[in-house]
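Q: Here the working numbering is used: the first residue of the sequence shown is 1, the next is one more, and so on.
Be a bit skeptical, because a hint or two may be false.
No farther apart than 20 Å at their CA atoms in a straight line, the calculated lysine to aspartate or glutamate pairs in the EDC-like style are these [as the list claims (entries may be wrong)]:
id: 1; residue 1: Lys206; residue 2: Asp166
id: 2; residue 1: Lys206; residue 2: Glu219
id: 3; residue 1: Lys521; residue 2: Glu504
id: 4; residue 1: Lys514; residue 2: Glu219
id: 5; residue 1: Lys530; residue 2: Glu504
id: 6; residue 1: Lys147; residue 2: Asp114
id: 7; residue 1: Lys443; residue 2: Glu47
id: 8; residue 1: Lys386; residue 2: Asp310
id: 9; residue 1: Lys206; residue 2: Asp162
id: 10; residue 1: Lys550; residue 2: Glu504
id: 11; residue 1: Lys147; residue 2: Glu172
By construction, these hints were calculated from the structure, which means they are not laboratory data. Computed from a predicted model, the values in this text were never measured in an experiment.
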Amino acid sequence: MMKSKLLFLLICLFISSRINVFSQNFEQNTSKAQLNQLSKANANRLEIITYIERRGEINNSFGASVAGIGDNNLDGYDDVIIGSGHKGAGEALIFFGGAEMDSIPDIILHGENDGDGFGYEVASGGDINGDGDPDFIVAALDYPQRKGKGRVYVYFGGALLDTIPDAIFTGEYKYDNLGLRITAGDLNNDGCDDILIATVNYTISKPVRGKAYLYFGGEMLDSIPDWTNEGDAYRTYLGSGLAIGDLNGDGYNDMLISSTPMDSLENEITVTELFFGSSELDTIPELVVIDSLWGDGTERILFTEDFNLDGFDDFIIRMGARFNIYYGSSEIDTTPDAYLSPWYGAGVCRLASAGDVNGDGYPDVLAGAPHPLFQTGSVGLYLGSKNINPEVDWIAGGGGYFGTAIDGAGDVNGDGYDDIIFSTISLPLTHLARGSVWIMAGKPDLDDIGSGVEETERPGVPQRFTLSQNYPNPFNNQTTIHYQLGSRFRTHVVLTIYDITGKEVITLVDAWQKPGGYEVKWTGKSRDGKEVSSGVYLCRLSVRQSHQIKKLILMR
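Using the sequences and the accompanying hints, generate a full structural model.
A: Have a look at this one:
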């Protein structure tokens, strides 16, 4: 008995010493903002825009969640939010972007009660109230006071930005942890983004079923969900993955919801259901994708982007030993169209949209792979292209739980290229948990390593938007103008027709618009409704401080 106790004591002392070493190493490495960029090409190295940590605070879990939230203070630079869920009631800190972005928070949001875990999850809300300004969401998973119902707070951005939540949603039962997964998008096509929230641990009786709640956006939000979907004996842990995008191109965003069946530990499967958006949603999926699962099924394994720029959003799921990409279309099927290969061995993984980091017009993919046992991890970036290369193009690694949280940051420094944000936390399961966050700058000369598919010209300016030639051209009574917005967030767009002398004829678009493709008709009339004469006209598309121009020929 004495030998067993002595052995147990020695093991505890060894673990304690290793914890201290890990903590010291983390302090030494991250305090200097050091990280290892393990790219295959020297050109594929990203510059640090800013490095952020909360020095002197123990067990703050700073960086437990991160998110790009668009331009909340309307200064022309995208902003980010960082969650710190362990400190007291928890915090969420907003950092405004800028040409010289600093590491001092501009707004700090606080939880209600000690132990609420406010800031364990943060997310962009899109434009929930339809005012054209970006909004954001913060979750307190342990509300109230470690009892675990969970509570979700919605904040309207722009001119309405303050520290008072504009809507609050609360979980139903103890340990539901409402807000573990959050995403947003306009499912009923009313111009306001809707909020989809999951409580993966929701259960009334065993097994753990999970539940998804949808709240329609609008000027005023209430706490009653407009649509719910509850797991069952087969669809357990429902909500482990959430995503919203217009997959079938009908103008309504659609929902993807993943679940992990209870027997998946033996069969290793995951189930992803597709629900088409409409003015009247139902709970019958239009498509079900069943495939093998690799790793922790409760991680962020699902999101949407238009990877091949065909006008249909696509979705990506982490399945088996790779990330499968399914292209959207008017007839979606369950066969993957492309894939990405993981660069790491064991460990969990998170996926997120990186925006367009190298400015080539194609969305890029960010992945984080922290390793909980060995206190290490890495973050990888896959560059998008017409024929996407499955191999990772950029990797950064470091100590602590590196890659804890990841997201596209938007364009925080205003250079026209989307940036990325990720975090690391030292010893997340102990009282020593401290975190650090990096924001890395996008740039045009990143190489799509090893694709060998096609040579593409890299322009000197980022292709965050594209103005196509009008058709028909020349035209007589009417012509169609198509443009594509590649920015990750809603942005201000102006489309104006000028005559050859530079005099404004008519402004066809002056609005905040989401990423995607748009078409506008011009009937050859001025702003006062009069027909203009035959001749050459100029169509100018302005997005932020950048412009593109096409010539139009009108022949009466």
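Q: For every hint, state whether the structure bears it out.
A: Here is how each hint holds up against the structure:
Distance restraint check for Lys206 and Asp166: the Cα-Cα separation of roughly 35 Å exceeds the 20 Å cut-off, and the hinted pair is therefore not satisfied. The suggested pairing of Lys206 with Glu219 is violated, with an alpha-carbon distance near 39 Å, which exceeds 20 Å. Distance check on the hinted pair: Lys521 and Glu504 sit about 17 Å apart at the alpha-carbon level, within 20 Å; holds. At roughly 18 Å between alpha-carbon atoms, Lys514 and Glu219 fall within 20 Å of each other, so this suggested pair holds.
Between the alpha carbons of Lys530 and Glu504 the distance comes to roughly 14 Å, so the proposed pair stays at or under 20 Å and holds. A threshold of 20 Å between alpha carbons decides the hint, and for Lys147 with Asp114 the separation of about 11 Å falls inside it, so the pair holds. Distance restraint check for Lys443 and Glu47: the Cα-Cα separation of roughly 9 Å lies within the 20 Å cut-off, and the hinted pair is therefore satisfied. Note on Lys386 and Asp310: the hinted pairing holds, with a Cα-Cα distance of about 10 Å set against a maximum of 20 Å.
Distance restraint check for Lys206 and Asp162: the Cα-Cα separation of roughly 41 Å exceeds the 20 Å cut-off, and the hinted pair is therefore not satisfied. For the hint pairing Lys550 with Glu504, the CA-to-CA distance comes to about 15 Å; that is within 20 Å, so the pair holds. Distance restraint check for Lys147 and Glu172: the Cα-Cα separation of roughly 11 Å lies within the 20 Å cut-off, and the hinted pair is therefore satisfied.
In the structure shown, a violation is registered for the earlier hints numbered 1, 2, 9, in ascending order.
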